[in-house]
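Quick note, the sequences are listed as chains S and H, same order. Its first residue numbered 9, the first sequence is counted upward by one per residue in this note's numbering. Its first residue numbered 635, the second sequence is counted upward by one per residue in this note's numbering.
To be clear, the hints were calculated from the coordinates, so they are not data collected in a lab. Hints should not be assumed to be uniformly reliable.
[Said to hold, decoys possible] Computed footprint of chain S on chain H, listed as stretches where at least three residues anywhere in the stretch have a Cβ under 8 Å from a Cβ of chain S:
#1 717-730
#2 1076-1087
#3 1091-1104
[Stated by the list, open to error] Taking lysine-lysine and the DSSO-like style, the derived pairs with C-alpha atoms no more than 27 Å apart in a straight line are:
#4 H:K690 - H:K1135
#5 S:K168 - H:K664
#6 H:K1135 - H:K811
#7 H:K792 - S:K168
#8 H:K663 - H:K882
#9 H:K1135 - S:K168
#10 H:K794 - H:K740
#11 S:K168 - H:K740
[What the hints assert, rightly or not] Simulated restraints on C-beta separations:
#12 S:L81 - H:D747: 32 to 42 Å
#13 H:G824 - S:R94: 55 to 65 Å
#14 S:I242 - H:F1006: 16 to 26 Å
#15 S:I95 - H:K851: 48 to 58 Å
#16 S:S312 - H:E1032: 31 to 41 Å
#17 S:A118 - H:A976: 54 to 64 Å
#18 S:K168 - H:D704: 30 to 40 Å
#19 H:S887 - S:R94: 53 to 63 Å
#20 S:R94 - H:A777: 48 to 58 Å
The beta carbon of each residue, even a glycine, is placed where N, CA and C say it ideally should be.
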Amino acid sequence: MNDIVISTFAGAIRAGTPLLFATLGEILAERSGVLNLGLEGMMLMGAFTGFSISYITGNLWLAVLAAILVGGLMASLHAFMSITLRINQVVSGLALVFLGQGLSGFWGNAYVGMQANSFQNLKIPLLGDIPYIGPIVFNRDILVYIGYISVPVIWWFLYKTTAGMNLRAVGEAPDAADARGINVILTRYLYTIIGGFFSGLAGAYISLAYTPMWVQNMTAGRGWIAVALVIFAIWDPVIALIGAYAFGGISVLQFSFQILQVPIPVNIMNMFPYIFTVFVMLFASSNRIKKLFGAPSALGVPYSREEKT
Amino acid sequence: MSEKILELKNISKSFSNLIANDGVDFDLKKGEVHALLGENGAGKTTLMNILYGIYKPDAGEIFLEGKKIDISSPRDAIENGIGMIQQHFSLVPSFSVVQNVALGLKELGIIPDLSKVRKRIVELSNRYKINVDPGAKIWQLSAGEQQRVEIIKLLYVKSKIMILDEPTAILTPQEAKGLFETIREMTANGASVIFISHKLKEVLEISDRVTVLRHGKVIGTVETKGSNENDLARMMVGRDVVLKIDKKPSHPSKPILKIENLHVIGDKGIEAVKGVSLEVKGGEILGIAGVEGNGQRELGEAIYGLRNYTGNIFINGSKVRSGDVLERIKNHVAYIPQDRKADALCGGLPVYKNLFIKAFSSPVFSFNPYLFYPEKLRKPAEKLVKEFSISTSSVDQEVKFLSGGNMQKVVLAREIESEPKLIIAVHPTRGLDVGAEEFVYNVLLAQKERGTAILLIAGDLYEIFNLSDRVGVLYEGQIIGYSEPDESHIEEIGLMMAGVKNEDKI
Chain S
9 MNDIVISTFA GAIRAGTPLL FATLGEILAE RSGVLNLGLE GMMLMGAFTG
59 FSISYITGNL WLAVLAAILV GGLMASLHAF MSITLRINQV VSGLALVFLG
109 QGLSGFWGNA YVGMQANSFQ NLKIPLLGDI PYIGPIVFNR DILVYIGYIS
159 VPVIWWFLYK TTAGMNLRAV GEAPDAADAR GINVILTRYL YTIIGGFFSG
209 LAGAYISLAY TPMWVQNMTA GRGWIAVALV IFAIWDPVIA LIGAYAFGGI
259 SVLQFSFQIL QVPIPVNIMN MFPYIFTVFV MLFASSNRIK KLFGAPSALG
309 VPYSREEKT
Chain H
635 MSEKILELKN ISKSFSNLIA NDGVDFDLKK GEVHALLGEN GAGKTTLMNI
685 LYGIYKPDAG EIFLEGKKID ISSPRDAIEN GIGMIQQHFS LVPSFSVVQN
735 VALGLKELGI IPDLSKVRKR IVELSNRYKI NVDPGAKIWQ LSAGEQQRVE
785 IIKLLYVKSK IMILDEPTAI LTPQEAKGLF ETIREMTANG ASVIFISHKL
835 KEVLEISDRV TVLRHGKVIG TVETKGSNEN DLARMMVGRD VVLKIDKKPS
885 HPSKPILKIE NLHVIGDKGI EAVKGVSLEV KGGEILGIAG VEGNGQRELG
935 EAIYGLRNYT GNIFINGSKV RSGDVLERIK NHVAYIPQDR KADALCGGLP
985 VYKNLFIKAF SSPVFSFNPY LFYPEKLRKP AEKLVKEFSI STSSVDQEVK
1035 FLSGGNMQKV VLAREIESEP KLIIAVHPTR GLDVGAEEFV YNVLLAQKER
1085 GTAILLIAGD LYEIFNLSDR VGVLYEGQII GYSEPDESHI EEIGLMMAGV
1135 KNEDKI
């Protein structure tokens, strides 16, 4: 029984980590006012890039770096389309999803079923020996630890630094930020691309640590779950952490339930995260609720200095 | 009052087909208040947005203390000591006062020391007697308080030149007085102020010099001391202006509109109208005054059925349902909304269709409600265009190409043509020039003569004085009291607008 508890919680953290990265990145982008629905596409390309570079070079860190850069590259495409050309952000984000699915499917065909280097668990001395908590929290791979650290760092950045204040102002009231000399366009580019970095990293985690192999379409809708998690988290990194691990928990629950022989069909349990996502999106698509929960007011609205009314 | 601190030379700016500024010259002396006077759309705000780096001028030069400078963004303007308070405040609603003041400051470093900023805010607010709570969030503040935050922002960065764009529009008369005192204090401390306005009285009160703009051109610059209301009005409008409207005493008949305990939820999900009860009789105009954002829009929309409510509304004695516009139209209710482009007109449709867009459900007309014969509408449309002197190339012209005044005339023509028993008019002259304003006034007064009940919701107290027979003041969603529509009661009305209750009610 102990083993099942530990493996369930450990699994929640592992399954939650890619969600966490993608959600944190999207929080930064949306806080600047740019809605990027292309997480799924960026994660897929990150997963593919990470896996293929690891396969070719054997260098895991090079693979992660490449995945991050590819995520950023795709995000900069979104930034150009939505910030400079002021194309509808939903349309441009969806385009990224299809782009990611298409490219990774096309290039990834050759890698299906291959093996590559992957991240191994790294027990932290002392902390790793605490009963229960140790094996669940402190006997994980290094990317999970990076996830732990990112949350307080991003929280501190958002609420305690000048740059974080400027970022929030740009997403809340771009005209006010502009009138105070903050470069709205540059800020939005920057955080959209940083959001892409995180998505690339999330993808790399899936193909280099979570299930270390290449499977077509292996992100399996996690990008969409992350989009919903951003809303669930009310654009706050700490709630994002809770949400990501909770979602991770739901998705690994099926394994524990199978062992415990709980009489719910696997297929039903597989649906849980997606059903929950649908509900969050339904709930959050109302403008009134968005306002109530403090969505960045200028989210999804392109900014142009001379085109105000 | 000595050397010129700022000079704008030959500034021109046009937007696609509209010339907003045409070779404008303007200068500012150190320590003066220089008013920029003109009607809506005369190009005042455009000119100042150029100075503040929001718009790029097509031509022209800017000289600061004799040196030519180039301002291509608000940051350049701020660095040159130029600050501007725009009509729509540049504040982040979810931030505190301190954060808003701190935003964009250069000295902040990586981690801002907000306690230092707070200390200076307190110092400044004591020195200039500007009352603000540094810890409050902007969305919690009234418009007047938000304006004080904007002033603190300018003082904080020691702006030498301060541009105030229509600053009194959102203030009660008492708050406006307080603002004028602050402006005098600022100029005494060496700042120079550009005061944008279209209100003659306040320009005469606060300014040292006045520059008048009309259709994007400078008409002239005069010393305030040697000038008067009539001279300035003539410069502003280009002809003599009848400033007084002929308001006849009312002979109210039976109540047409009766509201009991009306509650309406606003856009933010918060109650915007909190238990309003009122009555408007046929042949009288009830003016509703108040600082904007106190539930005026929601009140108007609820009465017309555009917004759901709880409580009772009776029109002509019969109760109408919440949220049912069609029922209003059938009961001869006319509506002049505050945003005519969004709520009253279809910009892409021609004038004649806009004129009869309501006619299919109105009891006055007998159109076939299922089939549409445009040629049958042209003739009556042409008649209306003549009657209301709408200047349009033809009735087939798309409404979006008309000027604001002519758009409003189209709305008026349509609403009056349906022989209303009740007119709900929300800010009916907003954004109109004096000529169009006069036209709207006279149409409304003529309707009153006919025995129509009119509910006039307006921000401009003089508009209410000019038209209405009674004034109710709306404060935080409630009618806080009633008064007489006369300048002698301005003090009392102003206090009610600020939430101070008046004991004797009508």
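(message) Does the beta carbon distance between S312 of chain S and E1032 of chain H stay inside 31 to 41 Å, or does it fall outside?
(response) Because 24 Å falls outside the window, the suggested range is violated.
(message) How does the segment 1091-1104 of chain H fare against chain S when you require at least three residues with a CB closer than 8 Å, holds or violated?
(response) The restraint on the segment 1091-1104 of chain H is violated, since only 0 of its residues have a Cβ under 8 Å from chain S and three are required.
(request) Take the C-alpha atoms of K168 of chain S and K740 of chain H, compute the straight-line distance between them, and say whether it is at most 27 Å. (result) Satisfied, since the Cα-Cα distance of roughly 16 Å is no more than 27 Å.
(request) Given the range 53 to 63 Å, decide if the beta-carbon distance of S887 of chain H to R94 of chain S lies inside it. (result) holds, 55 Å
(message) Just to be sure I understand the hint, the distance between the Cβ atoms of I95 of chain S and K851 of chain H should be within 48 to 58 Å; is that true here?
(response) violated, 39 Å
(request) Examine the segment 1076-1087 of chain H: at least three residues should have C-beta closer than 8 Å to a C-beta of chain S. (result) violated (count 0)
(request) Could you grab the alpha-carbon distance between K792 of chain H and K168 of chain S and see if it respects the 27 Å cut-off? (result) holds, 26 Å
(message) Can you confirm whether chain S covers the segment 717-730 of chain H, using C-beta to C-beta distances below 8 Å and requiring at least three such residues?
(response) With 10 residues in contact (Cβ-Cβ under 8 Å with chain S), the coverage given for the segment 717-730 of chain H holds.
(message) Can you confirm whether the C-alpha distance between K1135 of chain H and K811 of chain H stays at or below 27 Å?
(response) holds, 20 Å
(message) Taking 30 to 40 Å as the stated bounds, is the beta-carbon spacing between K168 of chain S and D704 of chain H within them?
(response) Given range 30 to 40 Å: holds, Cβ gap about 36 Å.
(message) Between the alpha carbons of K663 of chain H and K882 of chain H, is the straight-line distance 27 Å or under?
(response) violated, 46 Å
(request) For the range 55 to 65 Å, tell me whether the beta carbons of G824 of chain H and R94 of chain S fit it or not. (result) violated, 43 Å
Checked against the numbered hints above, the structure breaks hints 2, 3, 4, 5, 8, 9, 13, 14, 15, 16 and 20 and satisfies the rest.
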